Amino acid sequence: MATTVQSVSIFGMIAGLIGVMALVAVNALFLIWMERKVSAHMQLRPGPMEVGWHGAIQTIADALKLLGKELITPREVDRPVYLAAPIVIFLPVLVSFLVIPFSQNLIIRDMNVGVLLILSFAALTVLAILMAGWASNNKYAVFGAIRSVAQNVAYEIPLLITLMSVILMVGSFRLTDIVAAQSRVWFILVQPVAFILYIICATAETNRAPFDLPEAESELVAGFHTEYSGMRFALFFLAEYTNMFIVAALATIFFLGGWRGPFLPGVIWFLIKVYAIIFLIMWFRWTFPRVRFDQLITLSWKILIPLSLANLIITAFVLKLV
Amino acid sequence: MLERGLEEKYYVLNLGPQHPSTHGVLRVELQMEGEFIVKADPDIGYGHRGHEHMAENRTYLQFLPNLGRVDYLHALAYNQCYCMAVEKLLELKVPERAEFIRVITCELNRIASHLLWIGAYLLDLGAFTPFLYCFDDRENILDLLDRVTGSRLTYCYYRFGGVPRDVDDDFLAGCKAFARRLRSRYRDYENLVNKNVIFLERTKGIGIITPEQCVQYGLTGPMVRGSGIPYDIRKCEPYSVYPLFDFEIPVGSTGDVYDRYMVRYREMEQSLRIIEQAVDRIPAGPIMAEKVPKRIKPAPGEVYVAVEAARGEFGIFLVSQGETAPYRLKLRVPSFGNLSILPEIAVDTLVADLVAILGSIDVVVPEIDR
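If you're matching them up, the sequences are chains A and B in order. Mapping of the first sequence onto our numbering: position 152 corresponds to residue 152, and the numbering continues sequentially without gaps. Mapping of the second sequence onto our numbering: position 236 corresponds to residue 236, and the numbering continues sequentially without gaps.
There's no promise every hint is true.
[Said to hold, decoys possible] Quick look at which bits of chain B chain A covers, simulated, 3 or more residues with Cβ under 8 angstroms:
1) 116-127
2) 132-142
3) 194-207
4) 347-356
What the hints contain is simulated information worked out from the structure, not anything from laboratory work. Remember, predicted model here, so these are calculated numbers, not experimental data. In this text, a Cβ means the ideal position worked out from N, Cα and C, and glycines have one as well.
Start from the sequences and build out the full structure, keeping to the hints where you can.
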């Protein structure tokens, strides 16, 4: 498919764009509500209960409140960069949705470099965080930005190597091929070590606790987005939750058989698996303390990268023998 | 140019006065090199209220509510210290039942203070959930103390010569029920916090205080016990009815942040033991001394009384010249002495470590500022 130039209708593009925007917005609204509920029930409290059934539309009320807030631009900031950062962080997140197969046919564009596209655009997030932190002209924000860069560089390497061991088995970067290869057995059973490594790296990649160093509130106040208010802050927030969706979607595609499952339609299975992974990541956040920065980097360079490399080599050997 | 180069090698980071981890209006001026701290300089005094001066302008009784606001987290120990100082000047004998009530409520308050500290400390380390579990347990104590003292935080319960209101059987039964409840929570705290790998990595081996440093800086409370010195005024210079009870003083070995955490954690169990023994053995009888004068006007003299508060030795030096107000009242607060070691142990640590160390000192800023 991707070898020939696809004819893209203008309607298809618009429909895809609207679909992605709607998914991003609804997903973020749902995830924020879910996070508040999950954390609440882990902490012996009910969480939001007032707006809607069990607080279901609480996040909409919060979003409206954020829309109504004044956008404060501190005097000493580097204005163009400061204003661009929230948009820059959001764009790569949107692009990643191009290639995610929600079910057999529900995919905007089935590229043969799907994995690479997602990972390379995910790397752009670092740029936006660096822009936000540097332009804010705030020491805590710069700290957050510097940490974020070091962390994302350190964790993208094991993330890629881990995914490579699955790609080796399939022999394709195309996400639909990877799902198709799991028609008999999910890769989580074949590659359990890779799955665990992936979840650790994904948690770090999305800056979630226990690896939420860039925005460690007890040390850095709010990290790189300290100086942002109103909707600009909301965009950072939105990007974080959408990032979570993307890494969980990748985990679903690579290890949990994508949209495959009995009885229910593929897209339902896909979403169930994605939100199960997200629940796992939320569970980490509300259970663990935060690691220290040097420990975080040590974990990646001294443990995760050697382990993932070993996993890759073993995979290659086994494939050669079989 | 050279001088300028030197200046630019370090930069200043203001931690506070409004920062999530300083727990109050404390400012720490940090000289930084990258993320390493070259020099840490605590700046105090933002919340100075002049308690000591207030004491000189009020009658003895009017000053009593101030004590609950010096350290609002262990207010009853401060109440007790002041009452003991005035009672010593007046030569009043407190009835035994009143002493038992004081010990029970004071120890409950100590557990509440430690629970709050553990929750807030883990919050500093980035773990949010234990905070709410600790507050859930603490809520029981607040309910119990609310029942007898009439307030939930800034208690003003003891009076010169005893306590104004007696406790009922429901309160005593509630204390026992609370002890059972807190013990049933130990398993969660042990498994999810005390043995957590990340928690151990964050707390072991940092902020080490040697026993010599403890003595040099005049540290008290869990700070000195974490370094292995079993100094606890309840044992060393027993007051009230503490000698009647069987309890231990937990001590650490290395004097790092983890040891101070464990000292406070294990102290809660010892406080529970004291409470249980006191509830079992509380005698019947009056709760107020006879012949408490209507106007408190002690004979000229001076007295120093110290108690073991949750944060360390709290002492009051009180000088009377036979007036209705004290001539001089000096508060010896534990947080002030304990904070003084921060510049020494914070050097060459990361900002994240500084947060862990500052938390382990357990400062109550209004108490330092007074």
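Going through the hints against the structure:
Residue count for the region 116-127 of chain B with a Cβ under 8 angstroms from a Cβ of chain A: 6. That meets the three needed, and the coverage hint holds. Counting residues of the region 132-142 of chain B whose beta-carbon sits less than 8 angstroms from any beta-carbon of chain A gives 3, enough to reach three: the coverage restraint holds. Figure legend: the region 194-207 of chain B, annotated as covered by chain A; annotation consistent (5 residues with Cβ-Cβ distances under 8 angstroms, at least 3 required). With a cut-off of 8 angstroms between beta carbons, the region 347-356 of chain B has 5 residues touching chain A; three or more are needed, and the interface restraint holds.
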